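Following the hints, complete the assembly by docking chain Y onto the known chain G.
Quick note, the sequences are listed as chains G and Y, same order.
Numbering of the first sequence is given in the working numbering, commencing with residue 1 and proceeding in unit increments.
Numbering of the second sequence is given in the working numbering, commencing with residue 1 and proceeding in unit increments.
Just so you know, these hints were derived from the structure itself, not from any lab.
Keep in mind the model is a prediction, meaning the values are calculated, not measured.
Every residue gets a Cβ at the ideal spot worked out from N, C-alpha and C, and that includes glycine.
Be a bit skeptical, because a hint or two may be false.
What the hints assert, rightly or not - Calculated cross-link-like contacts (lysine-lysine; reagent style DSBU-like; alpha-carbon spacing at most 35 Å):
no., chain 1, residue 1, chain 2, residue 2
1, G, K166, G, K156
2, G, K114, G, K50
3, G, K59, G, K75
4, G, K59, Y, K101
5, G, K50, Y, K101
6, Y, K101, G, K114
7, G, K166, G, K243
8, G, K156, Y, K65
9, G, K59, G, K119
10, G, K243, Y, K65
11, Y, K101, G, K45
12, G, K75, G, K119
13, G, K75, G, K156
14, G, K59, G, K114
15, G, K243, G, K156
16, G, K45, G, K119
17, G, K75, Y, K101
18, G, K119, G, K50
19, Y, K101, G, K119
20, G, K45, G, K114
21, G, K166, Y, K65
22, G, K59, G, K45
Said to hold, decoys possible - From chain G, some residues computed to sit far from chain Y (all C-beta separations above 10 Å):
no., residue
23, A69
24, A197
25, D206
Single-letter residue listing:
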Amino acid sequence: MTRSTRRVGTIATAVFALAIPALAAPADAATGGARLTPNAAQQCKAVALKPIVHADAVKRTSTLANLVARLGTNKDPYGLNGPQRTALQSASAGITALDAQIAGTCYPSAAALKSDAQKLFVDYRVYWLRGPQTGAIRAADALAGARARLGQAAAKAAPLVGTNAKAQADLAAMNRALATADAKLGTPPSAGSTIAAAAGLQPAVDMTNDTAVLEAAHSDLLAAKAALAAARAAGLAVISDLKG
Amino acid sequence: MQIKRHTGTGLVVVTLGLAALATGCGGSSSKATPIEAPTTVRTPKTLAPSTSDSKGKAGPTTTAKPTAAALAGLQQQLDQAGSALTSGDSAIAAADVNQAKGQEGSAP
Chain G
1 MTRSTRRVGT IATAVFALAI PALAAPADAA TGGARLTPNA AQQCKAVALK
51 PIVHADAVKR TSTLANLVAR LGTNKDPYGL NGPQRTALQS ASAGITALDA
101 QIAGTCYPSA AALKSDAQKL FVDYRVYWLR GPQTGAIRAA DALAGARARL
151 GQAAAKAAPL VGTNAKAQAD LAAMNRALAT ADAKLGTPPS AGSTIAAAAG
201 LQPAVDMTND TAVLEAAHSD LLAAKAALAA ARAAGLAVIS DLKG
Chain Y
1 MQIKRHTGTG LVVVTLGLAA LATGCGGSSS KATPIEAPTT VRTPKTLAPS
51 TSDSKGKAGP TTTAKPTAAA LAGLQQQLDQ AGSALTSGDS AIAAADVNQA
101 KGQEGSAP
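The shape of chain G in the complex, shown without the other chains (with noise of 0.2 Å):
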């Protein structure tokens, strides 16, 4: 390809891209649209944002869809996941919505423009409030089908250790485990206090109090997936205590 050609090309580029959105101007006034026109373009402020609050938006709402699907394939012993689907789904209509009307909202200034911004994350809260909150809720739901499995086990090996006093100590000990993880876990259909309190927070323009429930909720999934453990081996040695 020789200069002149190229030169050609480019010159025909740029009349096709100041001719189109000339062309798109009337058809989207004839619609009521929000698109503005290149006059009004040139007061609206801020504009190069728009692009990266809506990158952010789609990342939100990307994600909540992810965690969406992931509540989806889990059972629901503490009947938590029903109202999360439900504030999950509802944070992504939202979001679709306020990126919608910033794209389409000319803002006098950059401040009017971020004010609006700052609401796809003080609002929502989607990675600092829902993640976790899924998180938390997911766990306690796969910890609850471990404590099943491990009440079924204890269940079973009680008429077996008969007169073992080594079986019968180690099944004693997996009993008590197994009562340290119901009072962090809760006994299905109630979680306990500090799970149910962090599946029902809501977001927060100060997130203090939501951060805190947060940490104690995840603090007593680790203890009470410490105790199904302890509990697990203690019904490993039970087994152990039997063949010897």
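What follows is chain Y alone, placed relative to chain G:
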């Protein structure tokens, strides 16, 4: 059964037998009724309660070790519990607010 067995000895015996049955004492003699027999036979000592291997058997089988099948069933339950515990690891990690909040960012 008692009534039939003693029919030939006279009306008095039959009457006594009926009276004993009516007061609930008919089965308390050394001849246990068919319903009571399994319980009394199976629990002569405080040894291990019966398991699947001792069903219907008496005495020594109640003291035997659990069968391999019973222990395998127990092991299977514990293995499944272990898998469930592991499956919750990623969710527990996701529940860590201090890891997650950094992704939130702020308006440009």
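**Request:** Hint by hint, work out which the structure violates, then give me just those numbers in ascending order.
**Result:** none
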